[in-house]
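Trainee: Given the coordinates of chain A, work out where chain B should sit on it, guided by the hints.
Number of protein chains: 2
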Amino acid sequence: MNINPLRGVHVHAFALAALLVLGAHAQAQTDPLPSWNDSAAKSAIVEFVQAITTQGSPKFVPQAERIATFDQDGTLWVEHPMYSQVMYILESVPALVKAKPELAKGEPFKTVMSGNREAIAKLPEGDLIKVAGATLTGMPVETFQAAVANWIAEVRDPRWKKPYTDLTYLPMQEVLKYLRANGYKTYIVTGGGQDFVRVYSEATYGITPEQVVGSAGGTKFGYAKDGRPFLTKEPRLLLNDDKAGKPQGIHLMIGRRPVASFGNSDGDRQMLEYTKAGDGARLAMIVMHDDAKREYAYGPAKGLPATKVGAFTQAFYNEAMKNGFIVISMKDDWKRIFAFE
Amino acid sequence: MNINPLRGVHVHAFALAALLVLGAHAQAQTDPLPSWNDSAAKSAIVEFVQAITTQGSPKFVPQAERIATFDQDGTLWVEHPMYSQVMYILESVPALVKAKPELAKGEPFKTVMSGNREAIAKLPEGDLIKVAGATLTGMPVETFQAAVANWIAEVRDPRWKKPYTDLTYLPMQEVLKYLRANGYKTYIVTGGGQDFVRVYSEATYGITPEQVVGSAGGTKFGYAKDGRPFLTKEPRLLLNDDKAGKPQGIHLMIGRRPVASFGNSDGDRQMLEYTKAGDGARLAMIVMHDDAKREYAYGPAKGLPATKVGAFTQAFYNEAMKNGFIVISMKDDWKRIFAFE
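Protein chains in written order, with my numbering: chain A, 56 to 396; chain B, 56 to 396.
Next comes chain A alone, as it looks inside the complex (with noise of 0.2 Å):
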């Protein structure tokens, strides 16, 4: 007789791993980026997320590894025609105005509140480092995140009549969610302020606060007349995340070299060229914007029109060739660009 009360268990528990091991394959046979073509681009992801992953691959990286970093405007949603923080900083300047009425008699706060576009467009990147730091710091964290909120929840974009969270770009979101899905750890590393992002980021992407690094300002810390402390925004920048800001951001703010990066101009080199440089399996990609029917087209890659935002110039392009860099073109790769569609 057998009197071993586990025995029977064991079987069971066989039969069920069993069971889940073959659902595991099945879901492993799912399409996991729906959104895109099967073209390279996606192969290469595909590829790249496999070998990292199996166990006794010469490119197998350990899970506490696996970091991927996103730049956002351009490559995670729309940049264009204007990222949706300038529209911020610029859409608060009546209220400033409204709390300080002497500002609007000087510029650039008159062109400002003039609503002049082409006057607007026009104004030298002093003046609008001017209006940023008046709009953005100077007020206590927690009275900016939720005037961020309520922005994000209220503006609508000028194209698409849409909230600036519903323009991500749905096959990049795959990618996040197939990126962590397979052990990694998916950070936005973005030119635009960390404050602001961390604000929607994890209802957006997924991508807690801790996960996003961006130009970063110090912040103050001291205590209301109630004894409680808290942290005012100060305008003294301590990270430009941008160009070589953003390899010196991953450093600061992770402290690891990611394996896989994602960007789309210039601004994202660096970042790229880190990724690429380290040992081992390393996946740089670059969004170009060539669809000018579904969303934009510009960057002098292909012979696309140069514009102010997300210069992807025809050096880096080159570059980006030279060094393996591999381009997804939006027009060609993406079956479907955004969820609403």
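Honestly, the hints are just simulated from the structure, not real lab data.
Treat the numbers as computed from the prediction; the structure is a model and nothing was measured.
Keep in mind that the hints are not guaranteed to be accurate.
The list makes no distinction among identical chains, and a pair is therefore deemed to hold if it is satisfied within one copy or across any two copies.
[Unchecked claim] List of simulated lysine-lysine pairs, DSSO-like, C-alpha gap at most 27 Å:
# : residue 1 : residue 2
1 : Lys390    : Lys114
2 : Lys386    : Lys114
3 : Lys160    : Lys386
4 : Lys298    : Lys216
5 : Lys280    : Lys298
6 : Lys232    : Lys114
7 : Lys185    : Lys280
8 : Lys275    : Lys331
9 : Lys298    : Lys377
Mentor: Just chain B, lined up with the frame of chain A:
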């Protein structure tokens, strides 16, 4: 005849699931903090974790918001008689002087090279910063990381003759594991160098580099002769992660207010206040060094002598009592201090 091949499996799966639930329950009954005496401090931790993780509890906190921050020196490991990073800095001077012999002619390097501990201890802070700058910056990030890893592996502390990484407090290691098992992200928030601590944090505490916030300097991005990009450590301080710098560093690197914080000195005061000032359940705890026999006794609270490191002033102790910070007595609350005991 039953032709559904899955029918039997479902029954087996249910049996296994029941077994797993029983197993989980049995595990929950196991003491998660065996190196702690059954005191108020231990109960405070267990009750806090249970309240925050119980669905439907008014104190429930969603998993993504379960952030816990830990000071390192004096909270997670021994800081007496000298911070280990200060030892690293001083012990790195001979190699530095060998490479640049002219340094040995001037101060403070002349005094450091003399080996006269009393004279070294009397060096003004500005001199120590000079030595720190010379030993912690100016080299590629990877060169620094390799040097620290090498030092950590080789050096032994003067009292226990153990690697510094063996001098972590077993009760705190248990707290780290207990919190992580309950969905917390555990961060180190240290006045020590972020790049220094990140070298050993994963092997020592199970804390990955991206969950180490510390004093941080800038880096410079450049290219080697072969075109490979690399980062050089620069003597430009971005974050002095001590006192008010701790909540500032938490905002910069994590972006969320912690629900639990652990410290041991005045340098942790603002972090504890910031944690405690959030809404909902909060836990703020202070390790008090009152065990001269098994570790050290220092700090003026309860009449202990003040020291240069880890200043735990009477004013801080009074404020802690007022704010509901919970003091952990090493002598009374910890059954065991080190794993090697």
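Trainee: Are the hints correct? Go through all of them and say.
Mentor: Here's how the hints hold up against the structure:
In the homo-oligomer, the alpha carbons of lysine 390 and lysine 114 never lie at most 27 Å apart, since the shortest distance is 30 Å inside one protomer and 45 Å across protomers. In this assembly of identical chains, the alpha carbons of lysine 386 and lysine 114 never lie at most 27 Å apart, being 31 Å within a copy and 49 Å across copies at closest. Taking identical chains as interchangeable, the C-alpha atoms of lysine 160 and lysine 386 are never at most 27 Å apart, the minima being 47 Å within one chain and 66 Å between chains. For the identical chains of this complex, lysine 298 and lysine 216 are neighbours neither inside a copy (31 Å) nor across copies (47 Å), given an alpha-carbon limit of 27 Å.
Taking CA atoms no more than 27 Å apart as the test, lysine 280 paired with lysine 298 passes between copies only; the shortest distance there is 20 Å, against 42 Å inside one copy. With identical chains, the CA atoms of lysine 232 and lysine 114 are at most 27 Å apart within one copy only, with a shortest distance of 21 Å there and 30 Å across copies. With identical chains, the CA atoms of lysine 185 and lysine 280 are never at most 27 Å apart, being 30 Å at best within one copy and 39 Å at best between copies. Taking the closest pair of Cα atoms, lysine 275 and lysine 331 come within 27 Å of each other only across two copies (18 Å); inside a single copy the shortest separation is 37 Å, beyond that limit.
With identical chains, the CA atoms of lysine 298 and lysine 377 are at most 27 Å apart within one copy only, with a shortest distance of 19 Å there and 48 Å across copies.
Comparing the model with each numbered hint stated earlier shows that hints 1, 2, 3, 4, 7 do not hold.
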